[in-house]
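Q: Read off the chains here:
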Amino acid sequence: MTKQNQAALSPALRRRRLTETGIGYLFIGPWLICFLAFSLVPFVISFVLSFMDYNMLSAPTFVGFSNYVKLFTGDKLFKTSLGVTFRFVFIAIPLRLAFALLVALILNRQSKMVPLYRVVYYLPSILGGSVAVSVMWRYCFSKTGVLNTALQAIGIASNISWISNKDTALWSLILLFIWQFGSPMLIFLSGLKQIPKSYYEAAECDGAGPLVRFFRITLPLLTPIIFFNLVMQMIGGFMVFSQAMIITDGGPMNRTLVYALYLYRQSFAYYKMGYGCAMAWVLMTIIGFFTLLVFRSSSAWVFYENEIK
Amino acid sequence: MKKIISLVLCAAMLICMVAVSSAETALRVAWWGGQERHNQTIEALDAYGAANNIKMEYEYTSWTSYFENLATQAVGHNLPDMLQMSTTDIINYSTNGQIVDLKPYVDSGIIDLSNIEEGSLSGGMVNGQLAGFTTGTNTVTVIYNKKIFDQAGVAYPSNEWTWSEYIDTVKKIYEATGIQSDIPFLSEARWVVESWVRCYGYNFFSEDGQSLPWAEDEKVLAGVAKAIQDIADGVKAGYFIDPEIQIAWSTTEENYIVQGKSAMAFLLSNYYGVYCTALGDELGMAMLPKMDDGEKSGMYLNSNMYWCISSNCAQPEVAAAALNYMINSTDAAAVIKTDRGISLSSEVRNFLATSKDTDAYTANVLNYVSDVSGVVAAVNPADPAHSAEPISVLKNDYTAVMYGEMTAEDCVADFVEQATALLPN
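As you go down the protein sequences, you meet chains H and G in turn. Take the first sequence: its letter number 30 is residue 30 in the working numbering, and every next letter is one higher. Just remember that the working numbering sits 1000 ahead of the position in the second sequence, which is counted from 1.
Treat the hints as calculated values from the structure; they're not laboratory data. Glycine residues also receive a C-beta, built at the ideal position from the N, C-alpha and C atoms. Please note: incorrect hints may appear among the correct ones.
What the hints assert, rightly or not - Below, in silico cross-link-like pairs of lysine-lysine (DSS-like), each with a Cα-Cα straight-line distance of 25 angstroms or less:
(1) K166/H to K1003/G
(2) K76/H to K193/H
(3) K166/H to K1261/G
(4) K166/H to K1055/G
As the list claims (entries may be wrong) - Per label pair, the in silico range of CB-to-CB distance:
(5) P224/H to D1233/G: 51 to 61 angstroms
(6) Q110/H to E1188/G: 25 to 35 angstroms
(7) K112/H to T1252/G: 42 to 52 angstroms
(8) T1252/G to L95/H: 55 to 65 angstroms
(9) T1252/G to Q110/H: 32 to 42 angstroms
(10) E1253/G to F72/H: 18 to 28 angstroms
(11) E1188/G to I156/H: 49 to 59 angstroms
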């Protein structure tokens, strides 16, 4: 509406428009309040606290950049935890997306059972970072757990405690992360349904096999969805915390000390909340950097149908 | 009409809410522990609340989340009135003014010291203030399965045994029966390293809490490294339990010693009763072995934990009276027994020692701790501020040696280096 048009509105119409706007704000009011109180305000406070020495039991004292300096120069576990987190992200995310896509492809067919399977495969994701699932996972992967019992039943002598063996501990966490692929799977499924069947029919007429159809039709048309899933999962992957804390608590000799867990430990166990806030902002910068990388690269590999001129 | 009804209902609801939060004496008590401790503590405090017409509100959790909860409550000036406090955090809470000095309540008689030696309160003193009241003393012990020893034909450990004798015992039992022993204090290496350091006459932390007094003494460093190496060699040879297995134990039942699969384990003495009950049999208790070239026993007494009163408590006298009940009352002691350590009150100790209801396990712990008191000079002070991180480093490095990832010398050197960097304020 241009300004002239708005001025030409009758007062009654303008009032109604304002009321509509007001009602709109009322509806998003709860979300807005929660966002301000639990996201925006803590966001700003944590930035301020990252320049302070704050042990939570007394008022914070200003220390300038020393938290950041200590983080980059004096902290051995900072590099360790970053390394663990990078390993986790660059292994678990591609695997999770691959599984999600695979299952979405399988479920993308007309069948009465599909809605049921959709629910079944989505169920693990709802349990998400839940404590109960992590505790159960811990028992499953322990020396006397279900995994070992199952492997022994089919003849593989498996006696390792998967969660306390230094080589496999991180993999038990990665496996849990991959198991909860429901969310990207549903998004892939909806993306698959948007691909017009006519493309596939045309390809079949031209004699294209299933693999060719996948790589030439499905994958290119799915790239916007892959892009979205990649960004969202990456952000979540960098922040993985509760699974690492409950299943391995940083793992045998810090093999599973993910960044968020180390941050939590510094803030609460060592009473260095200011230091933890500095760590949080460093994490945000890292996530932002990788997200930017993905965005910048997207023009090279993401294909939007509506961009065809 | 509808508007009037809804207004009336709202008003009624508000009145009800106000009525509920009327001025009844209420006391919020917080502690950490396992389910057994929760049950016992609630039983004891319920009885007190009923007898004194106080509404008790309980906030209890497991150890792992207790201090995070407390810290967030501290930020909101909303700490519970009476709280259980550990040796590692008491100095922090006291120097930051979150818990109050208990001396005024001692002086005014609310907290009764007539059966308690004033010297035994030293563990809770911070900068001249009585920041926390020690709930009881505890110490470290080696628990051993007598039946396995009999089976192997090995003599029970004596309280004066040396480190070499300990290693020999482990080996002999393994060779005779194939049963391993627990790695000493894999879950918290500090407890065993402290006993080694004390054999040479040093305290673990310096008096001002800014350094390790033994960091420069080559003899001590070598002795500690050798002891760690002995255990690591034992892991490789197989007579100590695989650290991968031991590190995964989290509940009492998962420990091999209560399943009869381990000959010896190092333990904090206040858990003795729970372990015996889980095993279903009486375990032996011995003092920790002395270093071969040490000058004395490495045993030490700790304040197990403290009861403190928060600075935002509105009615500290009520809290102090409840605190006094938990410390001095034989009724409370009959329920809680030695779960929070051996009481400082001689009356309670005598009561537990002579009461018909006291089981053999409690009696064993009482006798053991009094034996240790005969050997040790004084109760340890609380851990210095900033000590949590170095202790965590020691635990990690010790575990790394057991996994074969680090040499014992590097472990000791790294711990000393990091402690020296992290301890000073």
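Q: Would you mind marking each hint as holding or not holding in the structure?
A: Verification of the hints:
For the proposed pair K166/H and K1003/G, the alpha carbon gap of about 67 angstroms is over 25 angstroms, so the pair is violated. With a C-alpha separation of about 49 angstroms, the suggested pair K76/H and K193/H falls outside the 25 angstroms cut-off, and the hint is violated. The hinted pair formed by K166/H and K1261/G meets the criterion: a straight-line CA distance of about 24 angstroms does not exceed 25 angstroms. Between K166/H and K1055/G, the direct Cα distance comes to roughly 50 angstroms. Violation of the 25 angstroms bound is thereby established for this hinted pair.
In this structure the supplied range 51 to 61 angstroms holds for P224/H paired with D1233/G, their Cβ-Cβ distance being about 60 angstroms. At roughly 60 angstroms, the beta-carbon separation of Q110/H and E1188/G lies outside the given 25 to 35 angstroms, and the hint is violated. Here the CB-CB span from K112/H to T1252/G is close to 50 angstroms, well matched to the stated 42 to 52 angstroms. The hinted window of 55 to 65 angstroms between T1252/G and L95/H is violated, with their beta carbons roughly 37 angstroms apart.
Between T1252/G and Q110/H the beta carbon distance is about 55 angstroms. The supplied range of 32 to 42 angstroms is therefore violated. Between E1253/G and F72/H the beta carbons are some 44 angstroms apart, a value that contradicts the proposed interval 18 to 28 angstroms. Between E1188/G and I156/H the C-beta distance comes to about 35 angstroms, which lies outside the given range of 49 to 59 angstroms.
Of the numbered hints stated above, those contradicted by the structure are hints 1, 2, 4, 6, 8, 9, 10 and 11, listed in ascending order.
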